[in-house]
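Visitor: For reference, the chains in residue letters:
Number of protein chains: 4
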Amino acid sequence: MAFTYPQKVLFKYCDPAGIVFFPRYFELINDCIETFFGEAIGVPFEELMKVGGVPTVEITATFKAPSRHGDRLLLSLSCRRIGRTSATLDIDAHCSEELRFRATSTIVHVDRSGRPEVWPARIKDKLQSHLNR
Amino acid sequence: MAFTYPQKVLFKYCDPAGIVFFPRYFELINDCIETFFGEAIGVPFEELMKVGGVPTVEITATFKAPSRHGDRLLLSLSCRRIGRTSATLDIDAHCSEELRFRATSTIVHVDRSGRPEVWPARIKDKLQSHLNR
Amino acid sequence: MAFTYPQKVLFKYCDPAGIVFFPRYFELINDCIETFFGEAIGVPFEELMKVGGVPTVEITATFKAPSRHGDRLLLSLSCRRIGRTSATLDIDAHCSEELRFRATSTIVHVDRSGRPEVWPARIKDKLQSHLNR
Amino acid sequence: MAFTYPQKVLFKYCDPAGIVFFPRYFELINDCIETFFGEAIGVPFEELMKVGGVPTVEITATFKAPSRHGDRLLLSLSCRRIGRTSATLDIDAHCSEELRFRATSTIVHVDRSGRPEVWPARIKDKLQSHLNR
Chain W
1 MAFTYPQKVL FKYCDPAGIV FFPRYFELIN DCIETFFGEA IGVPFEELMK VGGVPTVEIT
61 ATFKAPSRHG DRLLLSLSCR RIGRTSATLD IDAHCSEELR FRATSTIVHV DRSGRPEVWP
121 ARIKDKLQSH LNR
Chain E
1001 MAFTYPQKVL FKYCDPAGIV FFPRYFELIN DCIETFFGEA IGVPFEELMK VGGVPTVEIT
1061 ATFKAPSRHG DRLLLSLSCR RIGRTSATLD IDAHCSEELR FRATSTIVHV DRSGRPEVWP
1121 ARIKDKLQSH LNR
Chain F
2001 MAFTYPQKVL FKYCDPAGIV FFPRYFELIN DCIETFFGEA IGVPFEELMK VGGVPTVEIT
2061 ATFKAPSRHG DRLLLSLSCR RIGRTSATLD IDAHCSEELR FRATSTIVHV DRSGRPEVWP
2121 ARIKDKLQSH LNR
Chain B
3001 MAFTYPQKVL FKYCDPAGIV FFPRYFELIN DCIETFFGEA IGVPFEELMK VGGVPTVEIT
3061 ATFKAPSRHG DRLLLSLSCR RIGRTSATLD IDAHCSEELR FRATSTIVHV DRSGRPEVWP
3121 ARIKDKLQSH LNR
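Chains as they are written, first to last, in my numbering: chain W, 1 to 133; chain E, 1001 to 1133; chain F, 2001 to 2133; chain B, 3001 to 3133.
Incorrect hints may have been included.
Listed below are the simulated DSSO-like cross-link pairs for lysine-lysine, each with C-alpha atoms no more than 30 Å apart in a straight line [as the list claims (entries may be wrong)]: (1) B:K3012 with B:K3124; (2) E:K1050 with E:K1124; (3) F:K2126 with W:K8; (4) F:K2012 with B:K3126; (5) B:K3050 with E:K1008; (6) F:K2064 with W:K50; (7) B:K3124 with F:K2050; (8) F:K2008 with F:K2064; (9) F:K2012 with W:K64; (10) B:K3124 with W:K12; (11) F:K2012 with W:K126; (12) W:K50 with W:K124; (13) W:K50 with B:K3050; (14) F:K2050 with B:K3012; (15) W:K12 with F:K2124; (16) F:K2126 with F:K2050; (17) E:K1050 with F:K2050; (18) B:K3008 with W:K12; (19) F:K2064 with F:K2012; (20) E:K1008 with W:K126; (21) W:K12 with W:K64; (22) E:K1008 with B:K3124; (23) E:K1008 with B:K3012; (24) E:K1012 with E:K1064; (25) B:K3126 with E:K1050.
If you're looking for bench data, these hints aren't it; they were derived computationally from the structure.
Given only the sequences and the hints, what does the whole structure look like? Please build it.
Guide: Here it is as structure tokens:
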């Protein structure tokens, strides 16, 4: 079951070529993961940050077609793999039927000092309900 | 021969955990590629953009260790592969001896309408002088 | 009649002090004006940009209290003054009852070449219905 | 005596109209103040942040002419007023002889808990040597 996150392409995301500046896509991806944790996992980032966090340790993205100002994107997030302290997430974005980008991000659950920490059961269960395979 | 690009980690790049927010790393990577084109290739982005551009079509990054406000990073860019219309660039960043991130980016040379276009010889020659293998 | 724009303070907006980095507030202000044009004026920025735009020529902001990650802000926009080719907008943001910032922005309606252009009647009428005095 | 800070307008600062997106100017202003503290005052932001900071409480900016990708700006910072715990800074930016923007920012020296704190003498002295009137 994928978590979906609709976002309109705002002016601030676009570059002089009139398309989304790719580092801004990574902001959108981070927003999507943040909203997934708040709404689907039930652990808002602002609470998670008080006791640690889920920094990104690896990310790869393929930009299939440009997105323009005003485009309505639908980001879709699901879990590819859930480890003891990490998780690999697949995020893609479509505009209508067209795939715009596809990204895979690995995040690690860490404590306040940045050391990897086993996922709490309540988070792991929710992640598992979003496995995509 | 690698192109090097020193950058101090400014306040604006850092998140509430006190480390570089990863989408900001992609801004730095873009700045590095832009400066490489201006200084090493001799074709400033602002001129390239008038007749097309070099959009990123794929990028992957591994964040090995966090960077903190005030850290002095040395980004290093070299070419892994030069195609007919594209190029794959390796960019890594160190702080002193410590590797902070390693990224690989594929850019495509396009015309004003976004169609892939063969690299001009003067650009291709310069890219070749930065091949890393 | 004010136009309201609720926004949660996302991780990306916050700095190492854990509060909103003030340049990010200006992004939120721009998003608010963009959404006001799309939803209240009925002229989406992405259409307005095809024939000109509404660049900001002056802006002043007072930050009364810091906003933290997770805070739910309510931005409120109204018109202070409507000129022949320009408009002055008041935007403030509250979290519950607390005022966080107050800004005043002057935008100018321009054509494609950047020259000031008289407001079209349909835009001026809608702006007038959001006058705050 | 003004502190000067040269900056080339990078691709990332520009919007679909091909000019600097105004919230990005505030990033540049923050970078300028940060560099002023590190180089002219001798107190790098990354050290100041460990014991407090200098948050912006008010800022006003007038954008006189647009800046384009590749423009070489010269930002110039001087002190308009130095208070017990605050300072008002004037920052303007020129490209060759043309004024692009003029901003006035009030910052407050705070301790770790965000309470205003009297300027240390070594900072106040340096600020005074940059008074513009």
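Visitor: Please go over all the hints and tell whether each is borne out by the structure.
Guide: We went through each hint and held it up to the structure:
1. With a C-alpha separation of about 35 Å, the suggested pairing of K3012 of chain B with K3124 of chain B is violated against the 30 Å cut-off.
2. Restraint check for K1050 of chain E and K1124 of chain E: satisfied, since their Cα atoms lie roughly 19 Å apart, inside the 30 Å limit.
3. A threshold of 30 Å between alpha carbons decides the hint, and for K2126 of chain F with K8 of chain W the separation of about 23 Å falls inside it, so the pair holds.
4. For the proposed pair K2012 of chain F and K3126 of chain B, the alpha carbon gap of about 33 Å is over 30 Å, so the pair is violated.
5. For the given pair, K3050 of chain B sits about 17 Å from K1008 of chain E by alpha-carbon distance, which is consistent with the 30 Å threshold.
6. At most 30 Å may separate the alpha-carbon atoms for a hinted pair to count; K2064 of chain F and K50 of chain W meet this at roughly 25 Å.
7. With a C-alpha separation of about 50 Å, the suggested pairing of K3124 of chain B with K2050 of chain F is violated against the 30 Å cut-off.
8. Between K2008 of chain F and K2064 of chain F the alpha-carbon distance is near 18 Å, which keeps this suggested pair within the 30 Å criterion.
9. Taken as a hint, the K2012 of chain F and K64 of chain W pair is honoured in the structure, with Cα atoms around 25 Å apart against an allowance of 30 Å.
10. Between K3124 of chain B and K12 of chain W the alpha-carbon distance is near 37 Å, which puts this suggested pair outside the 30 Å criterion.
11. Distance restraint check for K2012 of chain F and K126 of chain W: the Cα-Cα separation of roughly 24 Å lies within the 30 Å cut-off, and the hinted pair is therefore satisfied.
12. Distance check on the hinted pair: K50 of chain W and K124 of chain W sit about 19 Å apart at the alpha-carbon level, within 30 Å; holds.
13. Distance check on the hinted pair: K50 of chain W and K3050 of chain B sit about 18 Å apart at the alpha-carbon level, within 30 Å; holds.
14. Distance restraint check for K2050 of chain F and K3012 of chain B: the Cα-Cα separation of roughly 21 Å lies within the 30 Å cut-off, and the hinted pair is therefore satisfied.
15. About 24 Å separates the Cα atoms of K12 of chain W and K2124 of chain F, which keeps this hinted pair within 30 Å; it holds.
16. At roughly 20 Å between alpha-carbon atoms, K2126 of chain F and K2050 of chain F fall within 30 Å of each other, so this suggested pair holds.
17. A C-alpha spacing of about 18 Å is found between K1050 of chain E and K2050 of chain F, which places the hinted pair at or below 30 Å, so the restraint holds.
18. Distance check on the hinted pair: K3008 of chain B and K12 of chain W sit about 20 Å apart at the alpha-carbon level, within 30 Å; holds.
19. Taking the CA atoms of K2064 of chain F and K2012 of chain F, the gap is about 21 Å. The hint holds against a cut of 30 Å.
20. With a C-alpha separation of about 39 Å, the suggested pairing of K1008 of chain E with K126 of chain W is violated against the 30 Å cut-off.
21. Between K12 of chain W and K64 of chain W the CA atoms are separated by roughly 21 Å; this keeps the pair inside 30 Å, and the hint holds.
22. Proximity of K1008 of chain E to K3124 of chain B is assessed by CA-CA distance (about 25 Å); at most 30 Å being required, the pair is judged to hold.
23. Only pairs whose Cα atoms come within 30 Å are accepted, and K1008 of chain E paired with K3012 of chain B is accepted, the gap being roughly 17 Å.
24. Of the pairs offered as hints, the one joining K1012 of chain E and K1064 of chain E holds, with about 21 Å between alpha carbons and a cut-off of 30 Å not exceeded.
25. Between the alpha carbons of K3126 of chain B and K1050 of chain E the distance comes to roughly 44 Å, so the proposed pair goes past 30 Å and is violated.
Hint check: violations occur at hints 1, 4, 7, 10, 20 and 25; the rest are consistent with the structure.
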